[in-house]
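Q: For the record, in the sequence shown the residue sitting at position 170 is 170 according to full-length UniProt numbering, with numbers rising by one throughout.
Errors might be hidden in some of the hints.
In silico DSSO-like cross-links for lysine-lysine, where the CA-CA straight-line distance does not exceed 30 Å [as the list claims (entries may be wrong)]:
#1 K37 x K219
#2 K277 x K113
#3 K269 x K113
#4 K19 x K37
#5 K269 x K118
#6 K269 x K219
#7 K193 x K118
#8 K37 x K193
#9 K269 x K141
#10 K26 x K118
#11 K277 x K37
#12 K26 x K269
#13 K219 x K113
#14 K37 x K26
#15 K141 x K113
#16 K26 x K277
#17 K219 x K19
#18 K219 x K193
#19 K26 x K141
#20 K19 x K269
#21 K141 x K277
#22 K37 x K113
#23 K141 x K19
#24 K277 x K193
#25 K141 x K37
#26 K118 x K219
#27 K37 x K269
#28 K37 x K118
Simulated from the structure, these hints should not be mistaken for laboratory data.
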Amino acid sequence: MKTAIYSSDKQTHFFQELKGMFSDIKSSNFLAYQLAKRDLQGQYRQSFLGFFWAFAPIIVNSLVWIFLNNSGTVNVNADGNMPYVLFVIIGTTVWSIFTESMLIPLTSVNSAKGILSKINFPKEALLMSGIYKMGFNLILKLVLIAIFLGIYGVLPNLNLLYFFLSLIVIICLSMSIGLILTPIGLIYTDVAKIITTAVPFLMYFTPVVYAVPHAGFFKTLFELNPLTFLFNDARNTLLGYAPENVIYAVVIFGLSFSLLLIGLVIFRKSMPIIIEKIGG
Numbered sequence: 001m002k003t004a005i006y007s008s009d010k011q012t013h014f015f016q017e018l019k020g021m022f023s024d025i026k027s028s029n030f031l032a033y034q035l036a037k038r039d040l041q042g043q044y045r046q047s048f049l050g051f052f053w054a055f056a057p058i059i060v061n062s063l064v065w066i067f068l069n070n071s072g073t074v075n076v077n078a079d080g081n082m083p084y085v086l087f088v089i090i091g092t093t094v095w096s097i098f099t100e101s102m103l104i105p106l107t108s109v110n111s112a113k114g115i116l117s118k119i120n121f122p123k124e125a126l127l128m129s130g131i132y133k134m135g136f137n138l139i140l141k142l143v144l145i146a147i148f149l150g151i152y153g154v155l156p157n158l159n160l161l162y163f164f165l166s167l168i169v170i171i172c173l174s175m176s177i178g179l180i181l182t183p184i185g186l187i188y189t190d191v192a193k194i195i196t197t198a199v200p201f202l203m204y205f206t207p208v209v210y211a212v213p214h215a216g217f218f219k220t221l222f223e224l225n226p227l228t229f230l231f232n233d234a235r236n237t238l239l240g241y242a243p244e245n246v247i248y249a250v251v252i253f254g255l256s257f258s259l260l261l262i263g264l265v266i267f268r269k270s271m272p273i274i275i276e277k278i279g280g
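Please put together the full structure from these sequences, using the hints given.
A: Structure (structure tokens):
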């Protein structure tokens with residue numbers, strides 16, 4: 001008599017999950033594009049100032065620090081090789097890209113909570129929709145940087161290519177962190193509040209609006225922050241200087257990309273459980 005043995009199919013096969021995820025991303029690309037298009041049109045359609053709101057937080061935050069620096073209220077210890085306005089505009093813009101990339105996975109899925117348990121579709125479409133929206137906003141922010149570079153007569157050279165590579169590393173790092181936190185954040189709203197509270201605090205240990213201190217405890221904190229070298233090279237190469245931390249950036253990218261793949265698998269495996277919890 002033939003014996004049949006049945007086993008649980010709860011094991012996670014990492015590369016099979018990735019293959020299935022990329023297949024679902026490909027099949028749901030049109031849905032992701034339509035979701036992103038709808039959200040962007042809804043965001044700007046009823047706004048009198050339109051695309052200005054993509055720049056407003058960056059400009060306002062930069063103006064605050066420019067005022068504090070010019071008034072002597074705060075010693076920003078800025079790099080003497082570039083105008084402080086460019087220093088803070090570029091730093092604040094790249095920082096906004098970092099924070100938006102981190103929140104994209106969580107906000108994209110949160111915005112679709114109402115349909116998650118009602119419509120069966122690849123949930124990866126929500127991630128892709130968020131990436132499309134982030135890409136659109138990224139173009140607007142790069143236009144802002146280009147405008148200020150033009151005002152100050154800065155003509156980037158071939159080092160500009162490394163600026164875009166630095167952006168890729170920064171986005172990969174932030175998205176990997178956001179993706180890992182997304183499953184927990186969908187169940188507990190505290191996670192999103194912690195992120196929005198802690199991330200601005202991290203800015204003060206990153207060369208966004210002021211340079212790395214020359215000595216002391218805060219210099220050590222800056223050097224322990226992996227974003228410090230990425231931000232410095234991104235800003236410097238945009239202004240024509242050679243990158244100084246290429247190997248470091250490659251290592252960070254490798255680690256971030258690995259973490260991103262792990263986050264994608266965790267997202268795929270956890271979504272059915274999360275939908276059951278938030279739907280019930």
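Q: Against each hint, give a clear statement of whether it holds in the structure.
A: Right, here's what the structure says about each hint:
As the CA atoms of K37 and K219 are separated by approximately 44 Å, the hinted pair breaks the 30 Å bound. Distance restraint check for K277 and K113: the Cα-Cα separation of roughly 11 Å lies within the 30 Å cut-off, and the hinted pair is therefore satisfied. A distance of roughly 17 Å separates the Cα atoms of K269 and K113; the hinted pair therefore holds under the 30 Å criterion. With a C-alpha separation of about 27 Å, the suggested pairing of K19 with K37 holds against the 30 Å cut-off.
About 19 Å separates the Cα atoms of K269 and K118, which keeps this hinted pair within 30 Å; it holds. Note on K269 and K219: the hinted pairing is violated, with a Cα-Cα distance of about 41 Å set against a maximum of 30 Å. Taking the CA atoms of K193 and K118, the gap is near 27 Å; set against the 30 Å cutoff, the hint holds. Restraint check for K37 and K193: satisfied, since their Cα atoms lie roughly 27 Å apart, inside the 30 Å limit.
For the suggested pair K269 and K141, the alpha carbons sit about 34 Å apart, so the restraint of at most 30 Å is broken. A distance of roughly 22 Å separates the Cα atoms of K26 and K118; the hinted pair therefore holds under the 30 Å criterion. Between K277 and K37 the alpha-carbon distance is near 29 Å, which keeps this suggested pair within the 30 Å criterion. A distance of roughly 18 Å separates the Cα atoms of K26 and K269; the hinted pair therefore holds under the 30 Å criterion.
The straight-line distance between the Cα atoms of K219 and K113 is roughly 43 Å, outside the 30 Å bound, and the hint therefore fails. For the given pair, K37 sits about 17 Å from K26 by alpha-carbon distance, which is consistent with the 30 Å threshold. A distance of roughly 29 Å separates the Cα atoms of K141 and K113; the hinted pair therefore holds under the 30 Å criterion. Under the criterion of a C-alpha separation no larger than 30 Å, the hint pairing K26 with K277 is consistent with the structure, at around 27 Å.
A hinted pair counts as satisfied when its Cα atoms are at most 30 Å apart, and K219 with K19 does not qualify at roughly 43 Å. Under the criterion of a C-alpha separation no larger than 30 Å, the hint pairing K219 with K193 is consistent with the structure, at around 28 Å. Distance restraint check for K26 and K141: the Cα-Cα separation of roughly 28 Å lies within the 30 Å cut-off, and the hinted pair is therefore satisfied. Of the pairs offered as hints, the one joining K19 and K269 holds, with about 13 Å between alpha carbons and a cut-off of 30 Å not exceeded.
Taking the CA atoms of K141 and K277, the gap is about 37 Å. The hint is violated against a cut of 30 Å. For a cut-off of 30 Å, the pair hint linking K37 to K113 stands: about 18 Å separates their Cα positions. This hinted pair does not check out: K141 and K19 have alpha carbons roughly 33 Å apart, beyond 30 Å. Restraint check for K277 and K193: the C-alpha separation of about 20 Å stays at or below 30 Å, so the hint holds.
Note on K141 and K37: the hinted pairing holds, with a Cα-Cα distance of about 18 Å set against a maximum of 30 Å. Proximity of K118 to K219 is assessed by CA-CA distance (about 52 Å); at most 30 Å being required, the pair is judged violated. Distance check on the hinted pair: K37 and K269 sit about 27 Å apart at the alpha-carbon level, within 30 Å; holds. With a C-alpha separation of about 21 Å, the suggested pair K37 and K118 falls inside the 30 Å cut-off, and the hint holds.
Hints 1, 6, 9, 13, 17, 21, 23 and 26 from the list above are not met by this structure, while the remaining hints are.
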